[in-house]
Amino acid sequence: MRRALKAVGATFAAGYASYTQYRAEFVLYMLAGTAPLIMMFAWMSLSEAGATGDVDKAWFAAYFLVIFATRQMSPIWLIRHMDEQVRLGHLSRHLLKPVPFYWRLIGLQLSDNAIRLPIVLVFVPLGLWALDAFPLLHADRLPLYILSLLLGMLVHFHLELAFGLAAFWTDQSLALENFYTTAFLLLTGLTVPIAMFPASVGNVISYLPWRYIFGLPAEILVGEHDGAALLHLLGIQLLWVIALASFARWLWRRGLRRYTAAGS
Amino acid sequence: MISLRNLSMHFKVHEKEPGLVGSFRSLVNRRYRNVVAVDNVSFDIPAGEIVGFLGPNGAGKTTTLKMMSGLLHPTSGTVTVNGQTPHRRAPDFLSAITLVMGQKQQLIWDLPAADSFLVNKAFYAIDDGDYRQRLGELTDLLALAPILNKPIRNLSLGERMKCELAAALLHQPNILFLDEPTIGLDINMQQNVRDFIRDYNRLHQATVVLTSHYMGDIAALVSRVLVIDGGHVAFDGNLRDLTQRVADRKVLRLQFAAPVERRDLEGFGVVEACDGRQATINVERAAMARVAGAVLAGFAVEDIAIEDVPIEDVIRTLFAAPGAKPESRAAAGSA
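So the sequence lines, in the order shown, correspond to chains P and C.
With the numbering used here applied, the first sequence corresponds to residues 2 to 265, in that order.
With the numbering used here applied, the second sequence corresponds to residues 6 to 340, in that order.
I should point out that these hints are in silico values taken from the structure, not numbers from a laboratory.
Any given hint might turn out to be false.
Here chain C is said to cover these stretches of chain P; the calculated rule only asks that three of the stretch's residues, wherever they fall, bring their Cβ under 8 Å from a Cβ of chain C [claimed, not checked]:
{"no.": "1", "segment": "6-15"}
{"no.": "2", "segment": "186-198"}
{"no.": "3", "segment": "252-260"}
Note that the structure is predicted; figures quoted are calculated from it, not measured.
Just so you know, even glycine gets a beta-carbon here, dropped at the ideal spot from N, CA and C.
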């Protein structure tokens, strides 16, 4: 485990160095992922037009700014990465290392988080202040938000890893990425708050993993869910982490047997 | 110690006819072909030996290397390296081996080699003292000092290859799998890499398994050759034996005290070159003693040398004509 942690640290440092190697790209990279902000303004306009019932525009501002922060802290694009690793044989060089590839992915992911942290710490509070949305946040729920954010990152990481590992079987897991992206955009709360879906659809979404990536953490910080309902949702989020991590581990072991190390 | 027993690797390959119709057919009725990349291969390599894998493209050399390094799960048979099963990828097994592929790199493209070395230091749990010492040795041996802090993308192919070798050897493995380690390098750099591999083998008693299409690599480094063709071991022995079995001729080089006409030499064999004072004649192996004696008796010879056919010619002969294979698979299996 000590070696794994050292490997995570070294990969983190190398990943951070790679991201910061080109200064212009570094700034652009930090600014990527603005879809929630665009959706925020769209939903605020709908609210002003009276199309969102009793949900006012300040709530949308608070919700989408928290979604933006949550998205920035979970910048995971593993499906494409795993597809390249498996299909082009890049995985070979990592399989030869005495620390599991999983820890390299974790290290790289953390370096990506570190790149985006300044955006979250500077621009999100600024946005909340400018749009008068600070009062809608429940500061006392910050520890619960952080817990749910971390669980959400793990759900996101293992869900994308599992989809990416399909490359061992399909040779082209990017086809699955299209299906995944549709679900990701609609069901995570990134573009549509889960509360805006009809109740029956919302119930179904609650048993799928996507909501627990961004939606639940943001809902917690804007004061949604109380008591038993909140614990229930956090419990489902934890179960998804366990289920997806186990599934990804199983896929990895099975997939390696099929690995052809093509092109390497 | 490396040991392979009846090792085989089969791949299922999707086959598609070219063009739009072929694509549609492939969608509706997919056809697969079973490709036997390695077929029932057995051999042992004792610790410290340098072995060269020879064979044409697609012969199964790299697939065998990949199975020995744990990247591929064999379809059948067993392989043990240092007493371990490679594809289980135990950390102590992976810490004891390295695989260098001439056309692939493990270095981080946008960063200097020194950053990649630090990553390897952590992955292989190399302590600070050992890291400094080994990096110092490798820097001296490979003359890395001027390039250590330049981004990899700014290095020449030869410089990158030197950094690759350093990255692959920082953890001081005792088994080296080298797949075309000199490909694309200029002649000086090829020689540097060969010298380095030879020194590393001598210093660390490392086992080296090498594939190369450059006969210079094979001739300079290996004590034993495994010829792999069609997934089989076609020959297992030393270079000299291979030459003797494949080439039925030897080369007679002569220097004369007085000018000699080409036609006067044609009765002794195939005259490859003759400029009056010097001549090169290909002579049947069995007739060489008699021919050499006759030439010495009939001409004023200043110098004479009897040599094997160049290894490039041997290999060309070996892979050009199926009938020229020196050993049957069954015979090789006992080697």
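For the segment 186-198 of chain P, do at least 3 residues have a Cβ located nearer than 8 Å to some Cβ of chain C? This one is violated; 0 residues, fewer than the three required, reach chain C with a Cβ under 8 Å.
Chain C over the segment 252-260 of chain P, status - at least 3 residues with CB closer than 8 Å: Answer holds; 3 residues pass the 8 Å Cβ test.
Coverage assertion for the segment 6-15 of chain P with respect to chain C, Cβ distance below 8 Å, three residues required: Satisfied; 7 residues make the cut.
This entry does not satisfy hint 2, going by the numbered hints stated previously; all others are met.
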